[in-house]
Amino acid sequence: MASTLVIEGEAGSLDYRLLHRLLVDCARVDGLTLRPAGGDATVRAVVAHLRGHEGGTVLGLVDRNRGGGESTDHVVVLARHEIENYLLEPGVVLAACEVLRTAPSAGCTPALPADEAAVLDLLGELAAPLVPLHCLRQVEALLRARIGAALGDLGRTSYSAPRPNDGSAAACLASLEQEARRFVAACAAAAELADLAPAAVRALWTPEHARLTASEFLASGQFLVELDGKQLLAALVAKLQATGRPRASFAADFERLLIDGCAERWAAAPTFFVELRDLAERLRR
Amino acid sequence: MHIAAAEIRNFRGIDALDLDFTDAFGRVRPLSLLVGPNASGKTSALDALAIAVGGQTGQFALRPDWDIRPSTVIRHGALASTVTCTVRFGADERDAVRDLLALSQQPGDVPDVEETRITWVYPDPERNSRLGRHSTEPRSAWRLFRGRRLLVDLLAARLAGTEWFRRVGGVFTFDQRRLPNSTVPQDIWNYLNDLPVDSRCPPGERTTGDLHTLLRALAVDAALAPADETMFGEVQRQFAGLCPPHRWLGVRRDDTGQITLRFACQETEYDFDGLSSGQEVVLSYLARIARERMCQAVLLVDELELHLHPYWQQQLLYVLPRMGEDNQVIATSHSAHLRDLLPEAVSLGALGDRAREAGVGVDAGH
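Protein sequences, first through last, are from chains E and U. Per my numbering, the very first residue in the first sequence carries number 308; after that it's consecutive. Per my numbering, the very first residue in the second sequence carries number 66; after that it's consecutive.
Hints listed in this document are in silico derivations from the structure and should not be mistaken for laboratory results. Please note that a few of the clues may not be correct.
[Claimed, not checked] Take a look, some chain E residues computed to stay more than 12 Å from chain U by CB distance:
1. LEU341
2. ALA448
3. ALA498
4. ARG518
5. ALA545
6. ALA574
7. PRO577
8. GLU588
[Stated by the list, open to error] Going by beta-carbon spacing under 8 Å, a handful of chain E positions derived as facing chain U:
9. ALA318
10. GLY319
11. VAL331
12. ASP332
13. GLY362
14. GLY363
15. LEU407
16. SER556
17. PHE557
18. ALA559
Here a beta-carbon is modelled for each residue, glycine too, at the ideal position from N, C-alpha and C.
Based on the sequences and whatever the hints tell you, model everything.
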């Protein structure tokens, strides 16, 4: 039976290539269409639309990002921050490093980690400088959520063009005035919010930053679940490139190595990417 | 066998073109895409690879519309064309060729080197061959290219089984006509044509360019010889993945006694005549790769996107290198869509969308 999985990204993106490899080649979900649809909100909208218009199973898969919400009946939220986080599984990175070690043309043989513990150490070292910015984004997302919850419609800070009832000058001016009043009300209400006071912001920041900088956060590998995988992957590629004189295609080729490694890991470790395995089962039905 | 690099000189419109088919780690890429507009030399580059490497395999068939003459080979103003390729053979393929030589009772040494260089010069300086002259380095490496030829001869003599195809590569061309030129075993041919099928059937194969015949042969072969079931199952699976919600159900004998193909879209069944031209193209790729048991081989595909919707082009890009076993696909395209999907595509010329072409063009030198 044909099935559709709506995913983030675009045609040819890493999401597409990794999921195609794991679901079609490894899990052998026959008749599967992967539909890249951009971001989280678009994926949810496309799933809702397709469920009303297409036969077969239609599901969506979105990144967890910061918070990310819980999976629903038809949209599964990744257990890790985003798809790149799965490429950074120590066993996957180690397998890629083994290829680099035996490929002189890669030009980056020195100081490659030799076991999974060493990979975790290396990734932890690369993750440490990313922690403050990650903490900022976490607290910012929390603040936005609280503002939204407290102010309701007033809390919508994204600007959409005012829509007058008709195209007359009077209607346009009235529309602008109404929009200005909405902003004034929103700003006044926000100014009253206790969560936005500097002390309250600090109170949110301090424990979160302490948690993220605690040695066990890096040592346990939890950072591989929570931190921005794209940034961490970019840091890893930059680190490997800096040790030699690799070719221009190094980043893309390294990514391909990691995808190969994920496929091997999928076969060898049944607990790897478990939410995708569940998804594969549902798509087969 | 896999082509790691090629140097093409004075070949048709190409003055000098160096191609590198390896990744940043020196491994041969499963898929390389040569992208350029019309008349940028894409088909010429494929032909150069085909004749330089395929010409040494002893199995190579030229493109039907390519008549080899000085005026159709040598660049205007030059006196000779040269193509040099670096070709890799894995340890298992080298062992398989040795074993096949022993089975054939042919003497000769097979060098134990992973990488060989083959050079093709046209015209043949010694005037021995109208198709030009091949030389390999090391010299005895020419035998490595003949593994599949040896196997076909041994199969015809019933001295080897089809399982050997997994170990020896070859060179296969998919030209723009997309004809599924392939072979059908004589006994299956007889079965399809309602002729007697028994041990008196002569061994050997019939060549066909008819997709309908090829697909029926593939399905019947799988039904009659369970050993081939997996291969047929893989074609069914890939077709379902490439062209959802369409599926290839198999074959059945209809009321008139004819063997007919059955496909389905959702719950609606249809036969071969119901296939779109895009589906036919997809099936001709899949069936040919399966039928000819292409493994460890070089697949040269001219204009991958022909007849295909962008989604199917994209799907084919992922599926082709995974059909068979350990094949290398070298394809050409003038599709900006495919180029954008593959950042490492080799640019042979601008496609016209300059803003998007700023970062394209890896490892190609004119």
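Taking the hints in turn, this is what the structure says about them:
1. Listed as outside the interface, E/LEU341 is inconsistent with that label: its C-beta sits roughly 9 Å from the nearest C-beta of chain U, within the 12 Å cut-off.
2. Every Cβ of chain U is farther than 12 Å from the Cβ of E/ALA448; the closest lies at roughly 31 Å, confirming the non-interface assignment.
3. Chain U leaves E/ALA498 outside its interface by the beta-carbon criterion, the shortest separation being 44 Å against a cut-off of 12 Å.
4. For E/ARG518, the requirement that its beta carbon stay farther than 12 Å from each beta carbon of chain U is met, with the minimum near 37 Å.
5. For E/ALA545, the requirement that its beta carbon stay farther than 12 Å from each beta carbon of chain U is met, with the minimum near 14 Å.
6. The beta carbon of E/ALA574 sits about 15 Å from the closest Cβ of chain U, which is more than 12 Å, so the claim that it is off the interface holds.
7. Chain U leaves E/PRO577 outside its interface by the beta-carbon criterion, the shortest separation being 22 Å against a cut-off of 12 Å.
8. At the 12 Å boundary, the C-beta of E/GLU588 stays outside the reach of chain U, the nearest C-beta of that chain being 17 Å off.
9. Among the interface hints, the one on E/ALA318 holds; its C-beta lies about 5 Å from the nearest C-beta in chain U, closer than the 8 Å criterion.
10. Annotation: interface hint on E/GLY319 holds; nearest CB of chain U at approximately 3 Å, less than 8 Å.
11. For E/VAL331, the interface hint holds, since its Cβ comes within 8 Å of a Cβ in chain U; the closest pair sits about 6 Å apart.
12. For E/ASP332, the interface hint holds, the least distance from its beta-carbon to any beta-carbon of chain U being 6 Å, beneath 8 Å.
13. Interface restraint check: E/GLY362 against chain U, minimum CB-CB distance 6 Å, threshold 8 Å, status holds.
14. Interface restraint check for E/GLY363: the shortest CB-CB distance to chain U comes to about 7 Å, inside 8 Å, so the restraint holds.
15. Of the supplied interface hints, the one on E/LEU407 holds, with its beta-carbon coming within about 6 Å of a beta-carbon of chain U, less than 8 Å.
16. With 8 Å as the threshold, the beta carbon of E/SER556 comes within range of chain U, its nearest partner Cβ sitting at about 5 Å, so the hint holds.
17. For E/PHE557, the interface hint holds, since its Cβ comes within 8 Å of a Cβ in chain U; the closest pair sits about 4 Å apart.
18. The beta carbon of E/ALA559 comes within 5 Å of a beta carbon in chain U, closer than 8 Å, and the hint placing it at the interface holds.
Hint check: a violation occurs at hint 1 only; the rest are consistent with the structure.
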